[in-house]
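Peer 1: Could you put the whole structure together from the sequences, leaning on the hints where they help?
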Amino acid sequence: EPEVTQTPSHQVTQMGQEVILHCVPISNHLYFYWYRQILGQKVEFLVSFYNNEISEKSEIFDDQFSVERPDGSNFTLKIRSTKLEDSAMYFCASSERRTNPGQGGSGYTFGSGTRLTVV
Amino acid sequence: GQSLEQPSEVTAVEGAIVQINCTYQTSGFYGLSWYQQHDGGAPTFLSYNALDGLEETGRFSSFLSRSDSYGYLLLQELQMKDSASYFCAVCPPYNQGGKLIFGQGTELSVKP
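Taken in order, these protein sequences are the chains called A and B. The first sequence begins at 1 in the numbering used here and counts up one residue at a time. The second sequence begins at 1 in the numbering used here and counts up one residue at a time.
Keep in mind that the hints were calculated from the coordinates and are not lab data. There's no promise every hint is true.
As the list claims (entries may be wrong) - Some chain B residues close to chain A (C-beta under 7 Å, calculated; not the full set):
1. Pro7
2. Pro43
3. Gly98
4. Lys99
5. Phe102
6. Thr106
Every residue gets a Cβ at the ideal spot worked out from N, C-alpha and C, and that includes glycine.
Peer 2: Printed below as a string of structure tokens:
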């Protein structure tokens with residue numbers, strides 16, 4: 001079964017440092033997403049990406065965040081200057097089509113996440 | 001905007017049936033989905049309702065009533081491995097990005 005792969009699984013960083021989280025989406029998928037989940041809370045949408053540009057972003061996704069698809073396989077999330085409140089699990093997801101990602105059959109698949117701890 | 005409410009915790013015994021409710025306030029959406037998450041791992045898709053009524057997938061069923069702004073996930077013949085967090089989610093209409101809006105999640109504990 002195709003998977004969305006995220007690395008690293010855990011990342012500890014000092015406040016103010018830059019971090020880059022890596023994702024390899026499923027190869028034939030065209031739509032890419034980042035979500036985050038603060039411990040014990042709900043999964044929150046950060047950003048969606050299609051055709052090499054951001055499609056939509058949430059209010060959480062401020063100027064400290066950026067996304068890139070540097071080559072044909074990777075999709076990265078960069079946090080420029082981390083804050084304590086950025087500590088969370090970050091999930092990458094991809095889907096093969098845009099229409100209603102909540103529906104089975106769209107192939108909407110989440111990765112296993114990167115646990116980011118800012119100290 | 002969209003908001004979805006779920007009970008924070010539910011406890012049941014092995015072999016039993018449990019229902020996890022989701023009430024929502026939203027200006028509209030394509031359908032209601034349910035995701036399972038074990039120990040903070042990847043959310044995995046369980047079920048989806050585009051229309052009112054019941055959808056059945058093995059031991060799991062999901063129900064939607066748009067007129068009541070309400071849905072639920074029904075888990076039958078509970079097994080220990082069903083202990084997990086369960087999230088309802090909607091995809092807002094007209095959005096360009098295909099995002100999902102999740103509820104707060106319900107932690108299900110299955111006891112022997």
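Peer 1: Each of the hints needs a verdict: does it hold here or not?
Peer 2: Going through the hints against the structure:
About 13 Å separates the beta-carbon of Pro7 (chain B) from the nearest beta-carbon of chain A, more than 7 Å, and the hint is not met. Given the 7 Å rule on beta carbons, the hint for Pro43 (chain B) holds: about 5 Å separates it from the nearest Cβ of chain A. Look at Gly98 (chain B): its Cβ gets to within about 4 Å of chain A, closer than 7 Å, so that hint holds up. The interface hint given for Lys99 (chain B) is met, as the beta carbon of that residue sits about 4 Å from the closest beta carbon of chain A, less than 7 Å.
Contact between Phe102 (chain B) and chain A, as hinted, is supported at the beta carbon level, the nearest pair being about 4 Å apart and thus within 7 Å. The criterion of a C-beta within 7 Å of any C-beta in chain A is not met by Thr106 (chain B), whose closest approach is roughly 11 Å, and the hint is violated.
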